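J.: Residue strings, one per chain:
Protein chains: 2
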Amino acid sequence: MSQPRRGTLYLVPASLGESPLRSTLPEAVAEQARRLQHFVVENAKTARADLKRIDHPTALRELSIVELPRNAAPQALADLLAPALDGKDIGLMSEAGVPAVADPGASLVREAHRLDIQVIPLVGPSSLLLALMASGLDGQRFAFHGYLPVQDGARASALKTLEAASRQHHQTQLFIETPYRNTKMFHALLTSCQPGTRVCVARGLTTADEWVRTCTVARWKKSPPPSLDKIPTVFLLLAD
Amino acid sequence: MSQPRRGTLYLVPASLGESPLRSTLPEAVAEQARRLQHFVVENAKTARADLKRIDHPTALRELSIVELPRNAAPQALADLLAPALDGKDIGLMSEAGVPAVADPGASLVREAHRLDIQVIPLVGPSSLLLALMASGLDGQRFAFHGYLPVQDGARASALKTLEAASRQHHQTQLFIETPYRNTKMFHALLTSCQPGTRVCVARGLTTADEWVRTCTVARWKKSPPPSLDKIPTVFLLLAD
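Residue numbers (the numbering used here), protein chains in the order written: chain A, 1 to 240; chain B, 1 to 240.
So here's chain A without its partners, still in its complex pose (with noise of 0.2 Å):
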């Protein structure tokens, strides 16, 4: 073959917020992430700031760093990899947590496939991971579902239908809610659920303000309710 060696793409992770270094990022992954020049990024801001704290040796300025455009074209795409068809390794870093996982990035991972370019994930923190481990609800079959409706009667709703779900396919359902409206998606997981239902609240994972705790829905009605206002959380249920 007379094609030059290519680049790989790694997927380097994020931090989840303010969570220490140490006990988010494997060692290797913060040196592989301070090898490479080429990024393609969800945010740049974001992106500088953990390439900083990771202590990349390269002036940030001299770095390519490059956002991910949303809905990107092809040709857009198969673009932000020419480094890599020219030799180069990239880094694909989202704002937090794992690229391509309830995060942007899937859509160039599956340009590199389609051009050949080696794909290697590497291992960092993931909040919906961590809040399935967390949870003590089903990890052998579970469901993740993004965003649902924010709309009150459609929130309902889809809170109903995916606890149908959950009681016949006996699968934990996993979903999330922009941080500002947690407080309104709690109370409508204790209003719209049945009471012997088990709700997890996941909140602040590897951050000072992680806690986390499963119990129904009738015993969440009992207890104060948690603050979760403008702190990341996951949700989770499992109907049996």
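Fair warning: there could be bad hints in the mix.
Said to hold, decoys possible - Here are the simulated EDC-like cross-link-like pairs (lysine to aspartate or glutamate), alpha carbons at most 16 Å apart as the crow flies:
hint	chain 1	residue 1	chain 2	residue 2
1	A	Lys45	A	Glu67
2	A	Lys230	A	Glu210
3	A	Lys222	B	Asp116
4	B	Lys222	A	Asp116
5	A	Lys45	A	Glu95
6	B	Lys88	B	Asp116
FYI, nobody ran anything at the bench for these hints, they're computed from the structure. As the structure is a prediction and not an experimental result, all values here were calculated from the model.
Please build the complex by placing chain B on the supplied structure of chain A, with the hints as guidance.
T.: Quick look at chain B alone, frame taken from chain A:
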């Protein structure tokens, strides 16, 4: 309150096979594991090997390492958590990867929540999460189904059901197979799914055998089949 301070249940990730510690476990996670004296584990032998790899400072025979029984009754689970009620921290470890996700452990976490024992999930490698990141398939909506049926007809039927659900909900479907049946599963995917369905094979993540490829069923059929025998592999599909 006159209750003594309770211990915490730490969820301690294990390696995925022979993956290097420095690239899979944050240093503070290893440090936390080294401070624990009580462990509840899926498999005592692999847990001891993992504790040895992280250089646990206590002689292994002096650590309390108890296997989690399958289908343990609530009282048995409460007994396993007794040290935490007595103020001692406990580590939960599965055979590979993170506990309680695609692995046993959720029952113990559930009991911990019932007893108001704090649960702290630690960051480490999860083959499901790494596979989803690296697949380029949809990471905003996905479901994990564990093992599919083994019998040929039932397996083909399960794959068609997952493919239909994937198309209907635009949801990435993840599942696993006992490693010696991986090749059979791969060929079942190619014969059961539509030509345009994208299939990802994520093999040996974090190990020297790591290999991830995503393409359509039609393109997989034209490629030499990957060697998957006896290597842990995650399978994913997305039908557009």
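J.: Are the hints correct? Go through all of them and say.
T.: Results of checking the hints against the structure:
1. A:Lys45 to A:Glu67: Cα-Cα ~10 Å, so holds.
2. A:Lys230 to A:Glu210: holds (13 Å)
3. A:Lys222 to B:Asp116: holds (15 Å)
4. B:Lys222 to A:Asp116: holds (15 Å)
5. A:Lys45 to A:Glu95: Between A:Lys45 and A:Glu95 the Cα gap is close to 9 Å, so the pair holds against 16 Å.
6. B:Lys88 to B:Asp116: Status holds; Cα separation ~14 Å.
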